[in-house]
Structure formats: structure tokens, C-alpha cells
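Just so we're aligned, residue 5 is where the sequence shown starts under this note's numbering, counting upward by one.
Mixed in with the good hints there might be a few duds.
To be verified - For each label pair, taking beta carbons as the anchor points, the in silico distance ranges come out as:
1) D175 <-> R80: 16 to 26 Å
2) S85 <-> F127: 21 to 31 Å
3) Y67 <-> G132: 14 to 24 Å
4) S51 <-> L78: 52 to 62 Å
5) L56 <-> R121: 48 to 58 Å
To be verified - 30 Å max Cα-Cα, derived DSBU-like pairs, lysine-lysine:
6) K88 <-> K188
7) K88 <-> K167
8) K167 <-> K100
Derived by calculation from the structure, the hints in this document are not laboratory data. Ideal placement from N, C-alpha and C gives every residue a C-beta, glycine not left out.
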Amino acid sequence: MASTKNDCYVVYAPLPPNPTAQNVVVLPYYHPTPRRRRLIRHCLIGSTCLLLLSLSIYFLYPYDPTIQLARVRLNRVRVNSSPKLTLDLSFSLNVKVHNRDFFSLDYDALDVSVGYRGRELGFVSSQGGRVRARASSYVNATLDLDGLVVIHDVFYLLEDLAKGVIPFETDTQVNGVLGLFFFKIPLKDLEWWRRGISVCRVIRD
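Take the sequences, apply the hints, and build the full model.
Right, dumping it as C-alpha cells:
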């Protein structure tokens, strides 16, 4: 039989191959035992208590204030030759008191003993004041050295005065209380006496 122009041709595509089989593992839901749940709960409670205790110690522990001789101003220099060679000096001291605690510091007096090269030069005491929590305050005091015998160390002191920088040795004591709400902690009970070396720049009038 002869074909005509209206004959239709159907193209068949090959069938796709079989998909790769996938293995699925189904695990049952794990229910912790009551004993394990209690152990986890106790660990969480213990960790929370330890964290709260650490934070309480950090915020409430009374740290000692940082005391530094910040500035020295030379007020007067006088040389006396009779009856022996002596030296009169007058300094204005500026002491920085930094309160590292999270509560205020009320001090009744600030005592500073100033030395140079192992020799005590003088002792000054300032009036009381208040330093806010995590803040600093500056205290002014005057140190008068009258009749300072001219010895070997004095020549070093004059040399440092000429340079404008003096390495003073300071012993500083703060008398007062630390205040948090209604609680007062005396500083004397904490024995806050600090010794250090302050390298100060001398300002001349």
C-alpha cells in the first residue's frame, strides 16, 4: 500500500533507567532517663550559682585604691650658709586617688611620706574627701623642706630639679571608709598602705 502525504511519524524516546535505591535509617526518639535529667539539672544549677558567686566577688570585693603622685610644683628654693650649709625647698604636690571599686570611697585623711634615694625628705597630710565609684580625684598638699642638710644626695636632687624630673619615693596611707548602701568598711582594717616610686615632672613658677 502506498504511503500518502498525510502519514504521521511518531518518535519514541528510550525509557529512563531505574533510579538508584536510597537507604533510609529511622532512629527512635531518645528519652533521657530521670536520673540523667536530674544530673543535667544539678549541673545547670551549680554552674549558675558559681557564675553568680564570681560576679558578686568581682563587683563587691573591696580593691585597694590606686594612689599616685601626679605632679610636683616647685614653689621656693633657698640656700642657707649659716651656721651650716642647708637648703630650704617648698613643693606643691598633686596626688591622684583612683577608686577601682563599684562603690564610693570616703577618706578622712591622706598621708604621704616623700623620700628620695632611700632618705625620707618630709611628710604631708591632706584633708578628707570623697571619690565616686570607678572614678578619680586629685588632692593637693604642700611639702616644706626647711634646713635640709646639703649632702651627697642633695646634689642629685638639684640635678634632677634642673632636668625637671624627680623620682620620688612615696609611702601613702588612706584613712576612711568604703560605702555601699548601708554598709561601711573601714580602710584601717584593710591596711591600705602603699609604697611606690613616682617619677614626677617638676613645674616651676
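Going through the hints against the structure:
no., hint, in the structure
1, D175 <-> R80: 16 to 26 Å, "holds, 24 Å"
2, S85 <-> F127: 21 to 31 Å, "holds, 27 Å"
3, Y67 <-> G132: 14 to 24 Å, "holds, 20 Å"
4, S51 <-> L78: 52 to 62 Å, "holds, 58 Å"
5, L56 <-> R121: 48 to 58 Å, "holds, 50 Å"
6, K88 <-> K188, "violated, 52 Å"
7, K88 <-> K167, "holds, 27 Å"
8, K167 <-> K100, "holds, 23 Å"
Checked against the numbered hints above, the structure breaks only hint 6 and satisfies the rest.
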